[in-house]
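Protein chains: 4
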Amino acid sequence: MFEIPKNLPDANEFIQRLPFSKALNMRVDELAESRAIMSVPYDLLIIGNPATGVIHGGAVTALMDTCCGLAVLAHPDVNTPMATLNLKVDYMRPANPGQSITAEAECYNVTRSVAFVRATAYDEDKARPVATTHATFTLN
Amino acid sequence: MFEIPKNLPDANEFIQRLPFSKALNMRVDELAESRAIMSVPYDLLIIGNPATGVIHGGAVTALMDTCCGLAVLAHPDVNTPMATLNLKVDYMRPANPGQSITAEAECYNVTRSVAFVRATAYDEDKARPVATTHATFTLN
Amino acid sequence: MFEIPKNLPDANEFIQRLPFSKALNMRVDELAESRAIMSVPYDLLIIGNPATGVIHGGAVTALMDTCCGLAVLAHPDVNTPMATLNLKVDYMRPANPGQSITAEAECYNVTRSVAFVRATAYDEDKARPVATTHATFTLN
Amino acid sequence: MFEIPKNLPDANEFIQRLPFSKALNMRVDELAESRAIMSVPYDLLIIGNPATGVIHGGAVTALMDTCCGLAVLAHPDVNTPMATLNLKVDYMRPANPGQSITAEAECYNVTRSVAFVRATAYDEDKARPVATTHATFTLN
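Residue numbers (the working numbering), protein chains in the order written: chain D, 1 to 140; chain E, 1001 to 1140; chain C, 2001 to 2140; chain U, 3001 to 3140.
Only chain D is shown next, with the shape it has when bound in the complex (with noise of 0.2 Å):
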């Protein structure tokens, strides 16, 4: 059965139950309608290159991706199951080595068949962002 977090210990719990989320050890923050923020912490797992400690922008780009979908069952209108259909992502600057990443969403548009949502990811250096995201979902 289809069932849609409805509370922050509810959305943990579902990401929790995502093998590779949790293996990333992503983390739910803020669940709101039509926003999820989510986080990852700094993880020798995650890093792209080992000479700079940098974590790989695919570890960036699951979690927004994820981050993305969670914003997308927090919409209003949403009841359905959802895949992603396609993101776009920029990166705009490495993250720094040694901090958790974190990814804010918004799930701005839904039409019968298809959500859009944007996020942004950054460190702890939130002014300066390290990517962001341009997806859509299909429902059902």
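Read the hints as simulated data drawn from the structure, not as lab findings. No residue lacks a Cβ here, since even glycine has one placed at the ideal position from N, Cα and C. Mixed in with the good hints, there may be bad ones.
Listed next, the stretches of chain C that the computed footprint assigns to chain E, with coverage defined by at least 3 CB atoms under 8 Å from CB atoms of chain E [said to hold, decoys possible]: (1) 2052-2059; (2) 2090-2100; (3) 2109-2117.
The list that follows gives simulated cross-link-like pairs (lysine-lysine, DSBU-like), each with its CA atoms no further than 30 Å apart [what the hints assert, rightly or not]: (4) C:K2022 - U:K3022; (5) D:K22 - E:K1006; (6) C:K2022 - C:K2006.
Quick list of simulated restraints, FRET-style, between CB atoms [stated by the list, open to error]: (7) D:S100 - C:N2079: 47 to 53 Å; (8) E:N1079 - D:S100: 33 to 39 Å; (9) D:E33 - E:T1052: 26 to 32 Å; (10) U:E3033 - E:L1008: 48 to 54 Å; (11) U:A3032 - C:A2051: 42 to 48 Å; (12) D:A32 - E:E1124: 39 to 45 Å; (13) C:A2051 - E:D1125: 47 to 53 Å; (14) D:A32 - U:N3025: 36 to 42 Å; (15) C:T2052 - U:N3007: 23 to 29 Å.
Take the given structure of chain D and dock chains E, C and U to it, following the hints.
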């Protein structure tokens, strides 16, 4: 010092030094001028949906991103470090559970400061791609 | 009533009925299963930069978008109206002033509700593309 | 010589010198630091679907692309020529026939060689966007 992997063993060693790539068990299967083929085995770690056993799209995207980067390094005109500037991923269907994922990338254009790459990912049913991507990398 | 152009004359008549396509003098050069080739002549109207005479990227994109739509209609599994859901365009170089622009599009995948298309645009120097696009269309 | 429009009249004169922008009757409505608002009136020329009178997506995209470029030029750190590197456009709904289209763009990040911009386009129903875009421009 920046080194470009010149052959398949070098490329595999290069990929294995990247913790995130290693955690996903990424492997380089082929390396040619402007082209690379990489794969990840099916693994519990990268499951996105525990109910179906389908791999997380983020793992497919991380594989395509890495494979695109390798194709850029395999372009004859590239001899500097590079970083993903952006990528757009289209997901066509869920990957079949239990099957490895393969990505094929081609760096089809290089300007003074930007490399353009496209990639396709598929499972054992090669005729029906799982996802495609269009990416740009900044050079130097 | 919704009609799908079945041959080259029909496709040209179809395109000519669309005012924006007609204003840009778009022409269908080839039509095949899941594929279309279209072109626009060089014209003062579509110049983006008067100092160089280079065509506006928006005109190249409009051509690729239209050509992608025609390729979708030329897919054997498509028999409903469709609309562009999204497209990502990468611009590789300015088009040579004075030369017509040609776009080649291929609808490489169709699901129940989404068609996936890619296209390349070039001027007379076909070996060096001017732009590429990755697009999705919603069906029905 | 390369000149950056500093105020609204300059920006309108700048836009009017670009033949394609002029053909679409683009107008600059507001110009501020890192931001621009532009519009095009409804016009037979830019109709995409003669049966419905809906504007061609390519015209909306050309407006957003141009507006994004102006927002880049309005960023305090930009003082060189620039060109669109890529843009991803999501179309949310057809524009209402008979209404002008307005685009708002914000250049939200600039690195040494790349500017990042987002834009939203809407008709008179500003609460429901017609399209959004994420674009990058190469500087110099």
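Do the hints match the structure? See the list:
Coverage of the region 2052-2059 of chain C by chain E is violated in this model, with 0 residues showing a Cβ closer than 8 Å to a Cβ of that chain against a need of three. With 3 residues bearing a CB less than 8 Å from a CB of chain E, the region 2090-2100 of chain C meets the requirement of three and the coverage assertion stands. Proximity of the region 2109-2117 of chain C to chain E, defined as three or more residues with a beta carbon under 8 Å from a beta carbon of that chain, is established by the 3 residues found. For the suggested pair K2022 of chain C and K3022 of chain U, the alpha carbons sit about 17 Å apart, so the restraint of at most 30 Å is met.
At roughly 36 Å between alpha-carbon atoms, K22 of chain D and K1006 of chain E are farther apart than 30 Å, so this suggested pair is violated. Proximity of K2022 of chain C to K2006 of chain C is assessed by CA-CA distance (about 20 Å); at most 30 Å being required, the pair is judged to hold. Range check, S100 of chain D to N2079 of chain C: about 50 Å between beta-carbon atoms, so the 47 to 53 Å window is met. Between N1079 of chain E and S100 of chain D the beta carbons are some 35 Å apart, a value that agrees with the proposed interval 33 to 39 Å.
For E33 of chain D and T1052 of chain E, the hinted distance range of 26 to 32 Å is satisfied, since their beta carbons lie about 28 Å from each other. Between E3033 of chain U and L1008 of chain E the C-beta distance comes to about 51 Å, which sits within the given range of 48 to 54 Å. One distance hint, 42 to 48 Å for the beta-carbon pair A3032 of chain U and A2051 of chain C, is violated here, with the actual separation near 26 Å. Restraint check, A32 of chain D to E1124 of chain E: a C-beta distance of roughly 41 Å satisfies the suggested window 39 to 45 Å.
The hinted range of 47 to 53 Å is satisfied by A2051 of chain C and D1125 of chain E, whose Cβ atoms lie roughly 52 Å apart. Hint check: A32 of chain D to N3025 of chain U, Cβ distance near 41 Å, so the stated range 36 to 42 Å holds. The given range of 23 to 29 Å is respected by T2052 of chain C and N3007 of chain U, whose C-beta atoms sit roughly 25 Å from each other.
Going through the hint list in order, the structure does not satisfy hints 1, 5, 11.
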